[in-house]
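Residue numbers (the working numbering), protein chains in the order written: chain A, 733 to 1280; chain B, 733 to 1280.
Any given hint could turn out to be false.
Identical copies carry no separate label here, and so any pair may be met within one copy or between two of them.
In silico lysine-lysine, DSSO-like type, Cα no more than 30 Å apart, as pairs [as the list claims (entries may be wrong)]: (1) K948 x K1232; (2) K1227 x K1270; (3) K1270 x K1228; (4) K1270 x K1232; (5) K948 x K937; (6) K1270 x K948.
No wet-lab data here; the hints were simulated from the structure.
Chain by chain, the residues run as shown.
There are 2 protein chains.
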Amino acid sequence: MSECRPLFGAFRFELRRTVRHHAGKLTRRVVCHNSHFDVIRYATLNSFRMRRTPASYLPPITLQGREEIPLYQQLCDWFRRAITDGQLRPGQRVPSTRNLAAELKISRMPVLGAFEQLLAEGYLETFVGAGTCVARSIPDDTLSRPAVKARNGLQEITEKRGPRRLSRRGVALTHLATQSWLDNLGAFRVSRPALDHFPIGVWSKLVARHSRKPPKGIMAYGDAKGYLPFRAAIAEYLGAVRGVRCEPSQILVTTGSQQALQISAQVLLDPKDRIYVEEPGYPGARQAFLTVGAQLIPIRVDQDGMNVAELIGRGRHARAVYVTPSHQYPMGMAMSAARRMLLLNWAARSGAWIIEDDYDSEYRFASRPIASLQGLDTDGRVIYIGTFSKVMFPALRLGYVVVPKDLISAFSAARDAADIFSSTLYQAVLTDFIREGHFARHIRRMRMLYMERRRALIRAIHIHMGDMLEVIGAEAGMHLVALLPRATNDVAASKKAAQKGISAIPLSTCYLEPPTRGGLILGYGGANAHQIHEGIRKLRMSVFGQIA
Amino acid sequence: MSECRPLFGAFRFELRRTVRHHAGKLTRRVVCHNSHFDVIRYATLNSFRMRRTPASYLPPITLQGREEIPLYQQLCDWFRRAITDGQLRPGQRVPSTRNLAAELKISRMPVLGAFEQLLAEGYLETFVGAGTCVARSIPDDTLSRPAVKARNGLQEITEKRGPRRLSRRGVALTHLATQSWLDNLGAFRVSRPALDHFPIGVWSKLVARHSRKPPKGIMAYGDAKGYLPFRAAIAEYLGAVRGVRCEPSQILVTTGSQQALQISAQVLLDPKDRIYVEEPGYPGARQAFLTVGAQLIPIRVDQDGMNVAELIGRGRHARAVYVTPSHQYPMGMAMSAARRMLLLNWAARSGAWIIEDDYDSEYRFASRPIASLQGLDTDGRVIYIGTFSKVMFPALRLGYVVVPKDLISAFSAARDAADIFSSTLYQAVLTDFIREGHFARHIRRMRMLYMERRRALIRAIHIHMGDMLEVIGAEAGMHLVALLPRATNDVAASKKAAQKGISAIPLSTCYLEPPTRGGLILGYGGANAHQIHEGIRKLRMSVFGQIA
Chain A
733 MSECRPLFGA FRFELRRTVR HHAGKLTRRV VCHNSHFDVI RYATLNSFRM
783 RRTPASYLPP ITLQGREEIP LYQQLCDWFR RAITDGQLRP GQRVPSTRNL
833 AAELKISRMP VLGAFEQLLA EGYLETFVGA GTCVARSIPD DTLSRPAVKA
883 RNGLQEITEK RGPRRLSRRG VALTHLATQS WLDNLGAFRV SRPALDHFPI
933 GVWSKLVARH SRKPPKGIMA YGDAKGYLPF RAAIAEYLGA VRGVRCEPSQ
983 ILVTTGSQQA LQISAQVLLD PKDRIYVEEP GYPGARQAFL TVGAQLIPIR
1033 VDQDGMNVAE LIGRGRHARA VYVTPSHQYP MGMAMSAARR MLLLNWAARS
1083 GAWIIEDDYD SEYRFASRPI ASLQGLDTDG RVIYIGTFSK VMFPALRLGY
1133 VVVPKDLISA FSAARDAADI FSSTLYQAVL TDFIREGHFA RHIRRMRMLY
1183 MERRRALIRA IHIHMGDMLE VIGAEAGMHL VALLPRATND VAASKKAAQK
1233 GISAIPLSTC YLEPPTRGGL ILGYGGANAH QIHEGIRKLR MSVFGQIA
Chain B
733 MSECRPLFGA FRFELRRTVR HHAGKLTRRV VCHNSHFDVI RYATLNSFRM
783 RRTPASYLPP ITLQGREEIP LYQQLCDWFR RAITDGQLRP GQRVPSTRNL
833 AAELKISRMP VLGAFEQLLA EGYLETFVGA GTCVARSIPD DTLSRPAVKA
883 RNGLQEITEK RGPRRLSRRG VALTHLATQS WLDNLGAFRV SRPALDHFPI
933 GVWSKLVARH SRKPPKGIMA YGDAKGYLPF RAAIAEYLGA VRGVRCEPSQ
983 ILVTTGSQQA LQISAQVLLD PKDRIYVEEP GYPGARQAFL TVGAQLIPIR
1033 VDQDGMNVAE LIGRGRHARA VYVTPSHQYP MGMAMSAARR MLLLNWAARS
1083 GAWIIEDDYD SEYRFASRPI ASLQGLDTDG RVIYIGTFSK VMFPALRLGY
1133 VVVPKDLISA FSAARDAADI FSSTLYQAVL TDFIREGHFA RHIRRMRMLY
1183 MERRRALIRA IHIHMGDMLE VIGAEAGMHL VALLPRATND VAASKKAAQK
1233 GISAIPLSTC YLEPPTRGGL ILGYGGANAH QIHEGIRKLR MSVFGQIA
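Same shape as in the complex, but just chain A:
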């Protein structure tokens, strides 16, 4: 609490301090406006005699007359910064509001407002008969001085700073971050539906219906498990179309399937627990399991889906298995009935959970959609996950998870901890969209459209790249895998394609272990026949330009 000196070299102007006993009124006002805690604080401070710090210079105050920030706030900001930067020291007197206003050539009102605020925040103290000064409880070794010095080129201070550690999970997630260079590109973006074929007229009418006069329930906090009529509609739909056997109470609405994966991981997996995943498999699921610190063990897929026999041989201490049995991601095959039963059988005996991700099972072109694993499960082992991102549109951000009855409370607690509940408006709108038949109609139309687009893509590949790409995957969904010639680096190919504005996910990003062969995952949902042909031409140019 020594004497103060000017800290800046060049002052715009200086203010000499004249202590006037003007501040009594302010103190009283603060006391009566604030809670009893404030009353206690001020009473305590008043009760001991303050040691006066000698008057000193005030660093220059620059006010921006034209800026939108009000003057009182500019003053507040200046004082806060001057105090935290150590330019104003604890106990140092500040000018009276009258003098400060006169010096700054502004009205006294904003100065009074600023002082009142600074007193309330505890930067300034004021005592009847003693003027206003910087609160003496402000710590003397303020943080900011090292920063100020560092800015002046003195680097030795930085060693005193603590480390900037992230969690192991945080570091791992950063490395797993999605390749943003694939986003928002033209053709072949995986999981992008045909947005221009979405019945936006019907949809926006329903949105308007619900948002014009929303019942308060739709605006207030909702159930962590979801909007009940919506859950009932989902249960009905899943029962009829996916063979899922559940009651609405078993359904939790989520913000897309990724959140359902995340919640499942949190409820079911402890750090280091083993979860068996398909190889190749869905990177989003890996992200979720990694977030809880689980150990991921890859099991190869073949033409019948995940090799369940291998799983049973290796999976002694399995806590869970993640599968996409209706339409394996990314390879596209369905899991055979035999393997489904083996898997359920083994899970029931070993106590492992099965996380079934039914991400785009609505679209099968050769046969009807394959019934879910969940519907065959008689032991309550299956956690069934679905999403509306692909059948409706991604920004809808609605998915669901169907859980065995004894897991409902744990899942809804985890959902509550994650983000409380999903936006109710869209849940209500989608309920009507389903109930009024628009949903089933939309799926039927899209099934035809995607079948055509798939054929267009295969045709385009045959014409332009038949000698280079080998198409695999069942006639289903919204994407296919095209294997590259052996020894071609698919990440490099994907980057080259991105430079031409073509999105093509490298197949190797779906592998945990080194892949045997590279490939590209090509989405055809969001591209029309023309874009598909153009896209494949560009892909050939960009990836094989030199050898074609």
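Keeping the supplied structure of chain A fixed, place chain B upon it in accordance with the hints.
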């Protein structure tokens, strides 16, 4: 693969098998419709000579003529179940489509459809010249038989079932589940804004504007960090009103503040890491930190907020601190300037992160809103969290987190892993709502309204319960704490109140250690003067009925 026998006691009818070589056509159709994997499968199966299982009886098939489920699907379901339940054994022949249709007295079309589907799913196999039979790859010890027996009263099978373990986190979360008996009650629901004063006309017009002809970008997958114009609007708002210093790139849009807490916990905390929290403090934050397995250490709050000196004394290995400095939850005081600086100082030296939850700082009635801790931080230690749930409406599900620049990639990866991104429509609508001045106007109006409601509540307490409740908390926000007489159990009081339709959160639920005194957290945002008076009368009746 022994001979088959009827498994049910009472048959509705029996079908004798007549092997007809009808199925070649089906096989061909399947082969050409499916991917090359299926081709491989069928080719393999055809290549070895099948051992025929003798013809046997088929259990009864009951079809519901009037139900909405199509016949082909009823048949599919029946066959799947019969196979998984072990009523149809692997290798067992099934009747020809012609015979089955005749026996069931239905057209042959649905039977053909069902067989095609069952062949595609791998439940049935068919060979040229050998008819159709249950796939021999189906495991013989199917899961479902124990369940069938158990249903018949034989309980000894259940021991063979594996355990149903949840993660430690899952178990802990279940115990921490929110008290749903407090939801959707009348007066005093904490965090419910005055929804009937929300400018719904303006809002729904903006919603309609954006949903009528949405650009594709708004429907497709969006940036994990949020819609860029929205982030720019938030950065501007926070800079002007909350003293937050950040660029739009440092802002991540989240699904409310709970998700921001969850993501912060994931990025910053490893299991067993120490995080210091306010005592009493916000249970939602506890939930989030618990989800990542962190160790929570309570630090008492007094009239100046968290006792930072105590934190510095005890917090040697602190990884992070969670604070609500603008308006402590639930007690309501603001952290003093001195403690703010001490805290920032200590965090920079010790390498701890500060999670600042600025959950309802917009509403201060006695002074202007208190500037954020983030704005004082010169070392990039503060993770600043805010939400629109209270200023706008909870079902909007939009919040944000402002992070130091070196944490942007880790936070956005964690956000991507959590649920990819937030619904874009509301982000776009809210951007307009802010830009067109509706937001600032709404906050001003609500500040007046909540000040009145707060006064009405305090008046009502003085009139009806002045001798029983002691009101604490600053003149701010949307709730206050009313301490109960010593030795009154606040959980019991809260339950009694809930029976009368009154929501009052027990103060003790905000404590990690045993509280010194019970209390009730009363929200006044969502109740008008009449409801407040009625509510307090009911509260008195329900809680103190016997002693009043």
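Earlier hints that do not hold, by number: Of the numbered hints, all hold.
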